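Novice: Full structure from sequences and hints, please.
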Amino acid sequence: MAIRPRLRTSIGVLSCLAILGVILAGCGVNNGGGSLKNDFGVNTSAKTISLGILTPLSGPVAAPIGIPITKGIETYFDAVNASGGIDGYKVKLVEKDTQYNPQLEVSAYQQIKNQVAMFAESLGTPTTQAIVPLTNNDHVLVNAATLDSYLAREPYMVLIGTPYRLQVENAFDYVVKKLGVQHPKTGIIYQDDGYGQDGLTGYKEAVSYYGLDNVGEATYEATDTTFTAQAAQLKASGAQYVFLTAIPTAAAGIIGTAHAIGYDPHWLLQSPAYANGLLQVKGLNQLLEAEAWVMGQGATWGDTSVPGMAEMLNNIQKYAPSQQPDGYFEFGYTEAKVTYAILKKAFDNGDVTRAGLLKAFNSLQNVDVGGLYPTLHYGTAPNQRVPSRDSTVYAIDPTVPGNLKSLSGDFTGGAAAASQF
Amino acid sequence: MAYFIQLAFAGLAQGCIYALVALGFTIIFKASGVINFAQGEFLLGGAFVASVAAFEWRLNFFLAALIALAVTILVGVAFERFALRRMIGRPVFSIIMITIGLDILIRTGIVMTGLSNERPPAAPYGIAAGINYGGVHYGENELWTIAVTLIVCVALYVFFRYTRYGLAMRATAIDQEAALAMGINIRVVYMLAWGIAGAVATIAGIFLAIQVTTFDSTLGSIALFAFPAIILGGLDSIPGAVVGGIIIGVVQLLTTGYESHIVQFVGTGFDTITPYLLMIIILLVRPYGLFGTRKVERV
Amino acid sequence: MSEVTREATSDAPSGDAPTSQWRRFLTSRLRALLLIGVAVWVLVFLLGGDNWLLILNVTMIAAIATLSLNVLSGYTGLISLGITFFMGIGAYTAAWLGGPPPTFPGDPMGHSLSIFIWLPAAGIVAALVGALVGPTALRLKGFYLAIVTLALVFIGLYLFKNARTITGGPQGRIFPGPSFGDFSFASPTPVFGVLLTTNQWYFVFLTPLLALVALFVYNVMRSRAGRAFQAVRDNETGAAIIGVNLFQAKMGAFILSSFLAGIAGALWAAYPGGYAEPNTWDLILAIQFVAALLVGGVASVWGSILGAAFVFGLPLALDTFSIIPQNTSATAFTSGDLSAILYGGLIILFMLFEPAGIIGFIRRFQVWARRFENPTDGRGKGGEVVAASEQSEFES
Amino acid sequence: MNDQAVSPQLSVSGVTVRFAGVTALDDVSFAVQRGELFAIIGPNGAGKTSLLNVLSRVYQPAAGGVTFAGRDLLKLRTHQVASAGIARTFQNQGQFPLTTVLDYLLLGRHTHMRSGVVLGGLYLGPTRAEERANRAYCQRLLDLMGLARVRDTPLGSLPFGLQKRADLARALAMQPRLLLLDEPVAGMGLEESRDMAAILLDIKEQLGITQILIEHDMAMVMGIADRILVLDFGRVIAQGLPSEIQANPAVITAYLGQEPQPAPNPSGATTS
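Top line first, the protein sequences correspond to chains A, B, C and D.
For the first sequence, counting from 1, position 123 maps to 122 in numbering that gives the first Met the number 0; every step adds exactly one.
For the second sequence, counting from 1, position 284 maps to 283 in numbering that gives the first Met the number 0; every step adds exactly one.
For the third sequence, counting from 1, position 392 maps to 391 in numbering that gives the first Met the number 0; every step adds exactly one.
For the fourth sequence, counting from 1, position 157 maps to 156 in numbering that gives the first Met the number 0; every step adds exactly one.
Simulated from the structure, these hints should not be mistaken for lab results.
The structure displayed is predicted, hence computed values, not measured ones.
Any given hint could turn out to be false.
Across the chosen pairs, the derived CB separations fall in these ranges [stated by the list, open to error]: (1) H260/B - D263/A: 16 to 26 Å; (2) F364/C - Q245/D: 55 to 65 Å; (3) P42/D - F364/C: 43 to 53 Å.
Heads up, the beta-carbon is just placed ideally off N, CA and C, and yes, glycines get one too.
Specialist: If you want it as structure tokens, here you go:
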């Protein structure tokens with residue numbers, strides 16, 4: 000019974016607090032809010048503009064992909080800031096570790112979205128797709144470090160480079176048009192997830208466009224530890240050209256196992272399927288050099304005849320002297336150039352609100368990245384928002400920096416040019 | 000036909016790897032009534048240490064393998080000594096969880112070395128080595144996997160059947176109190192169990208790493224397919240673990256190999272659940288697995 | 000205060016003389032609820048920042064899922080590693096009913112119905128699936144049950160990946176957030192002149208929801224059904240001899256657990272991203288909930304909530320307010336690695352040194368504290384009871 | 000009315016139980032009248048507990064029949080025995096260490112309560128009333144058994160004697176017509192066992208509940224039992240009034256642990 004007075008007082012005190020809470024909660028929100036009117040991430044007194052970066056800095060994906068791409072972005076903006084920034088505004092990068100985990104990506108996004116004008120990087124397909132609904136609500140641009148073609152539909156996604164889907168189509172354009180192999184027996188082995196689906200879509204388009212003789216489609220699971228079934232299946236099908244939409248370990252497993260059971264077709268690798276680490280494996284390196292072509296894009300590392308490459312190498316000396324030749328670094332550096340182009344245009348229009356940035360992005364049309372990548376195109380319709388449709392077919396050659404030697408030079412196949420998004 | 004044989008052969012090899020992992024599970028379970036969810040990471044750890052020894056320290060294969068064995072055995076024994084021994088008689092759930100804790104620590108540790116991407120495996124022979132016969136390739140690695148698994152099984156049989164500690168372990172598995180009364184040193188039994196489990200996991204890891212050509216920190220997830228193996232064979236049956244493992248391996252390879260024929264009915268990734276479906280069917284018929292023993296309820 | 004928490008945390012029904020019991024229980028519960036409700040608002044006001052709200056919201060959704068696991072494993076002793084399977088079922092039910100209709104060909108289905116339909120539906124469908132799976136799973140015990148529920152997770156992943164028209168296949172799909180008529184949490188409009196952010200709306204919505212779920216579970220466990228569950232956990236044969244229908248009890252727990260898991264799943268997919276691919280419902284997530292249950296303390300409502308905060312809230316907090324700079328130059332040790340190590344290490348330490356979980360620790364502290372403030376506590380109640388009743392119905 | 004008086008409440012005929020060749024019970028037959036305190040004694044391993052396990056449907060007999068109050072007990076499933084009106088105490092405690100004494104009694108009320116998961120979770124009027132009523136019921140029982148002080152103590156932390164007493168209270172809370180007592184005073188001190196004996200007699204006289212008592216403690220059994228059945232190696236070797244049993248040579252030999260000679264079934268001792 001001794002409770003009741005204590006109860007009454009506590010109710011009294013606490014309900015007062017509650018009311019106070021309600022009121023202040025209300026106020027607390029108004030100046031925090033998600034409204035479009037405010038500028039985000041621009042500090043006019045300190046003359047800085049902040050950009051967000053969502054990338055794995057820990058976990059398995061960090062070392063091979065996350066960190067080099069981000070280093071590329073950092074290096075470029077270090078150079079920009081050193082040369083006085085954009086209209087006198089220094090660029091500040093707000094980086095968050097996503098561990099390549101959609102849940103963490105979303106929370107990282109939520110944490111920094113109000114501190115940044117736009118996102119200079121969001122790495123990964125599942126991770127980036129996880130924040131798409133949010134970006135549409137917050138009307139914030141995201142420079143997506145992924146080649147998933149589905150994102151071309153999203154108005155706030157800035158893509159760099161040729162989508163996986165078109166890489167596949169260009170690969171078979173090379174086989175049919177450049178090498179002149181008519182109706183080759185072809186197959187594909189793809190990872191059973193969103194990435195693999197994009198490759199498969201491209202493969203199906205290529206089959207119908209180039210009249211390929213599609214003899215085998217096989218999938219593998221991320222958890223698979225033996226590839227004999229897939230290899231044997233393709234061997235039985237007799238495919239001469241097999242495309243791999245895979246991750247490096249799986250690609251290695253497939254190529255190695257296939258060779259072991261006496262099956263050595265031409266392997267066409269989606270860009271993420273190759274990693275220099277594979278060359279360490281006894282026997283596999285010869286196989287890769289002999290049979291594998293890697294789809295990709297961009298100037299060969301160290302080719303200073305390309306102005307962009309010369310500039311990049313020069314900046315690497317200044318700001319990232321320890322950087323090894325790395326395609327992902329080049330990708331990040333190029334990505335940063337596009338971000339810069341958007342910001343520059345927005346500053347020229349005198350409007351760096353998110354609305355202004357979107358306007359700037361939609362009116363970009365072409366971005367010249369100094370030949371690092373071919374000129375990138377942007378627009379408002381999904382088809383225009385696919386930045387480039389060309390690819391380069393590389394051979395694997397340990398004698399050249401980056402271990403990739405261009406076989407075809409940049410080209411856009413008919414299927415890639417025609418494909419709809 | 001050659002196609003089928005090729006798959007069956009690969010399935011047998013894969014099954015042997017499952018069997019080795021399953022053996023680890025079963026031996027620990029029989030000795031101390033614990034299911035070690037970190038078994039998969041023991042496998043990864045073994046393969047990883049061997050690879051690092053071979054490629055970073057440039058040691059020859061057999062030395063690297065020995066180091067790997069030593070490390071995993073040590074980790075296993077230490078974990079038993081310092082963590083699990085306090086957990087005897089605790090709820091099943093807590094025991095599962097503490098081994099999962101170890102699992103997380105091992106994997107994170109390996110990732111943090113920064114050496115875990117596209118690891119080249121420590122291997123005594125090239126990737127294509129093997130015999131070709133009747134249009135089927137009998138890979139050297141697969142052959143060795145099968146042979147070594149056989150040797151391990153025989154060795155374990157002899158150990159449990161004829162050696163002092165082997166008998167002690169069997170006695171403990173049957174009735175711990177009685178074993179204690181007979182003056183058997185339970186601590187040694189536990190340590191042995193975890194040591195053996197670590198060793199077989201490492202052997203499995205080294206062969207598996209070679210089989211996948213290059214590996215990364217996800218290699219340990221193979222243990223998830225050893226679970227259906229042990230349930231299939233019966234948690235407390237060592238032959239059951241081997242048989243279960245081989246059944247799972249063969250069935251899985253065949254499903255993958257013929258998936259394209261039935262893809263419109265079953266969709267993709269059917270091979271990832273066939274082991275579990277098989278397990279569930281068996282459990283419905285025999286709730287204690289093929290070779291497992293049923294416990295009697297007492298009031 | 001200690002009074003309240005004792006009442007609220009004690010999973011045994013608060014045993015009082017029948018006369019005063021109802022009043023005591025009411026007042027203490029009233030106070031507990033008030034304190035919680037008010038603490039909530041004070042929190043909103045003190046740390047209304049989106050970062051904190053995000054952490055709290057995620058924790059609350061996770062707490063609902065942990066409670067669901069607690070019903071099955073903590074109270075009834077049926078080990079399950081398969082909670083994400085039922086969460087997935089609930090999530091996709093919600094998505095199918097509440098999700099946006101397809102914009103591009105090949106997009107998954109959605110009927111954009113209101114939350115009042117899709118949230119309950121998520122629970123009900125999950126419960127139905129639970130009722131379907133239950134009879135098979137419940138024939139098994141211990142590790143066997145654990146492995147079979149683990150199998151459920153993989154079967155779920157396979158189904159989710161292949162049922163494209165509902166799940167969007169490997170690409171994943173968009174999930175609905177709460178919306179009433181033309182008002183939606185995703186893009187809130189001012190209400191009574193106050194504009195709350197999305198996170199704040201979720202906060203306002205999730206707090207009472209969690210309170211309701213917690214209260215429901217607490218009530219079940221202090222009434223007939225819950226006593227049966229716990230009896231089954233402690234000794235099946237004994238429970239049967241006392242008259243508990245084992246199958247009924249187990250199914251009851253299984254279905255209730257599935258229902259809650261379904262609701263939690265729908266919210267987990269909706270917040271904060273509103274997008275999920277099939278792999279969201281994997282074993283790693285399921286194991287996180289097991290960790291939450293065990294670290295928090297089994298068979299305790301508060302334990303589940305604290306456990307969820309520990310396993311899901313703490314890493315987010317670490318990540319949000321990490322002193323370790325997150326950039327490419329921070330070499331070996333990032334906050335990601337830190338929380339992974341903490342996660343693994345703390346699980347081991349808890350299992351070793353605090354098997355009763357956080358709640359066990361708190362309880363011991365309370366006992367100590369109560370002794371400290373009045374040494375005669377606990378005996379006093381017994382005494383008053385002895386006096387309470389004179390004649391028994393046995394005489395007549 | 001009076002034909003009930005004649006026909007026994009529980010009759011066991013030719014019950015036989017085997018485990019993997021071992022015969023735990025061999026053709027056991029006996030009958031218990033309503034309101035009787037019927038004791039079953041015998042040396043360790045004589046099959047006493049197995050017999051109780053048959054009566055509470057834990058063991059399925061290989062042969063024989065059991066009828067309780069006119070219905071075939073062997074047709075029921077374990078949990079249905081309780082609702083049929085048979086309650087049982089456990090020989091060794093510790094099955095429910097975490098449960099408080101009050102909860103344990105409420106668990107005993109299980110078959111007398113209705114609310115399920117949903118009603119319980121909502122905890123609205125009817126459920127609440129039911130809970131309160133049964134709480135009150137158990138409270139009175141606790142007072143009667145002198146357990147009120149330990150009402151909120153978990154069984155696990157009670158002394159053995161009190162655990163047994165709580166267990167009996169739980170069995171009574173089930174409002175049984177037949178009470179099976181599995182060694183109620185085993186491991187108790189003289190004082191405690193005397194109390195227990197008194198309680199059993201109270202149950203008999205005040206509640207008129209039929210009791211089947213399994214016990215080692217001869218003195219106690221002889222003191223309170225109406226009739227006694229002696230088991231040895233799973234077989235009935237004697238049956239009758241305490242005085243008859245004390246005089247029975249077969250019983251004496253069995254208890255002195257000599258070779259049990261085939262004792263003639265003391266037909267004079269058997270009722271009906």
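Novice: Honestly, which of those hints from before does the structure not fit?
Specialist: As far as the earlier hints go, not one is violated by this structure.
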